[in-house]
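Construct the entire structure; sequences and hints are all you get.
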Amino acid sequence: MTPAFPCWAALSARRANDAVRNLRAWLPQTRWFCRSLTSGQPEGASSPQPRGRYLGQPAPHTHPHLLQPGEVMPGFTREEFALRRHRLMAAVQAESPGSVVLVPSNPTCIMTNDIPYPFHQHSDLLYLTGFQEPDSLLLLLPRRGGATAATHKAVLLVPPRDATRELWDGPRSGPDGAVALTGVDEAFPLQELARVLAHAGEPPAWWYYPHGDPPHPEMHERHVGPMLAPAAAQGRVRSLRKHVAALRLVKSQAEVRVMGAAAEITAQAMVETMRASSPPVDEAFLYAKFEFECRARGAEILAYPPVVAGGNRANILHYVKNNQIIQDGEMVLLDGGCELHGYASDVTRTWPVSGCFSGPQAELYEAVLDVQKLCLRGCRAGSTMEGLYSLMLLQLGQRLQELGILGGDLSPGAAAKAARQYCPHHVGHYLGMDVHDTPDVSRSIALQPGMAITIEPGLYIPRTDESVPVRFRGLGVRVEDDVVITEAEPLVLSSSCPKERRHIEDIVAK
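Counting the sequence shown from 1 gives a position; the working numbering is that position plus 35.
Misleading hints may appear alongside valid ones.
[Stated by the list, open to error] 30 Å max Cα-Cα, derived DSBU-like pairs, lysine-lysine: (1) Lys-408 x Lys-324; (2) Lys-356 x Lys-545; (3) Lys-408 x Lys-545; (4) Lys-324 x Lys-545; (5) Lys-408 x Lys-452; (6) Lys-324 x Lys-356.
Rather than coming from a laboratory, the hints here were simulated on the basis of the structure. Just so you know, these numbers come straight off a predicted model, no measurement behind them.
Okay, here's the thing in structure tokens:
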């Protein structure tokens, strides 16, 4: 069993405030220390300079309706990002003293010829800096002696200013803008990476970098890979994933606030989509309606391609074609979420497009809803996702026996095992900047205050399953909510999204 990760959210308020005060004291010393190391380095930026001009992303001086002074992303201050970097370097240095960390961005992906897809930043770089431009790299250098309290130096390597490219693609922050916005110690053009490292002192004993699966292949091939080749050949390049995942797993108060806002947007969009689902209705129309309602309320994008599955198509777990007509008498399963300021929501509701559940639909729906409520009550500090999964299967098995889908002579354990045929997925997953967040973290670890998860039991009965009573064939139901673990009752972020049968029928019928 993987040991529980350190829990920032579980610290007392006094300790948390002390840490923030200490961080504030470190920041000026960190900048002084870094300037003392970088005399003679390539031309870069080490202090806020740009005023008035647009950067490569929203900033407080250009988008005051989104960001407060001192924020890098809406709701997230420079201090929060600096604290994340400090905690990461503390974990890395405890494992391998003197190590250097490199965190690359995602590249720009091309849809066709010279037309790019909308850029989406790598969530690890976004978590550590808030910087949203492609072709960028975070470099964390350990403190090389001295009496300062700074543990590291944070450097961003970013795309240089380029008048021609900015004419076509929009503003770039450049090194000076990157420092001014994010509060890192210094920034340089990406092409200066080798020279920046050369001025940083002796090569480290260990490097932390995703060498085996670099998210930016071109950056790896041109800039990072050749530089790390000798260390990689000697086995001195380590993955950073477990350390970043340990931090991302437990959410700060700011993260919980933004995730709650994302879930609320999703809940409101789901209600408006229910109201627009008069049959016959195209799945594509409901997809468009849901996306419009999310974006109209401030979401930047959808968190993932939604499942809008009518009728028997609800039994395809990741059905995303969304191109069929939902007929009168059928249900629709909508699994959707939005992304707000870098954080995802993930909510599922199932409803009859006619506005009234049929008898078999109501039976199956109530069975799933009852199990979901039981699992939500089990979301307590100290419980585990695996434990909740076992609870889900046990309860689903019992409900399937009551419905006559499983034989009444089965033992509870045998019924739980048989329930996997009708619910082949887990009870949920971790949630955060990615919808399937921190996927390498075991579901067997104890849940701690600040962890965010989903709870999403379902029952899926294909039309072709002749072992099931005819009235249930072709029905698929899932109910999913977003939950934050607390010291007491679970905080259901998506609680305002209706799921009681009578409430859903009232909404759809209107």
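task: Sort out whether Lys-324 lies within 30 Å of Lys-408, counting only the CA atoms.
output: 28 Å, holds
field: Given pair status - Lys-452, Lys-408, alpha carbons within 30 Å
entry: Holds, at roughly 21 Å.
- request: Take a quick look at whether Lys-324 and Lys-545 sit within 30 Å of each other, Cα to Cα.
  value: 17 Å, holds
- prompt: Keeping to a limit of 30 Å between CA atoms, is the pair of Lys-408 and Lys-545 held or broken?
  reply: Satisfied, since the Cα-Cα distance of roughly 26 Å is no more than 30 Å.
message: With the threshold set at 30 Å, check whether the alpha-carbon distance from Lys-356 to Lys-545 stays at or below it.
response: 28 Å, holds
message: Does Lys-356 sit within 30 Å of Lys-324, going by the straight-line distance between their CA atoms?
response: 16 Å, holds
In summary, the structure agrees with every hint in the numbered list given earlier.
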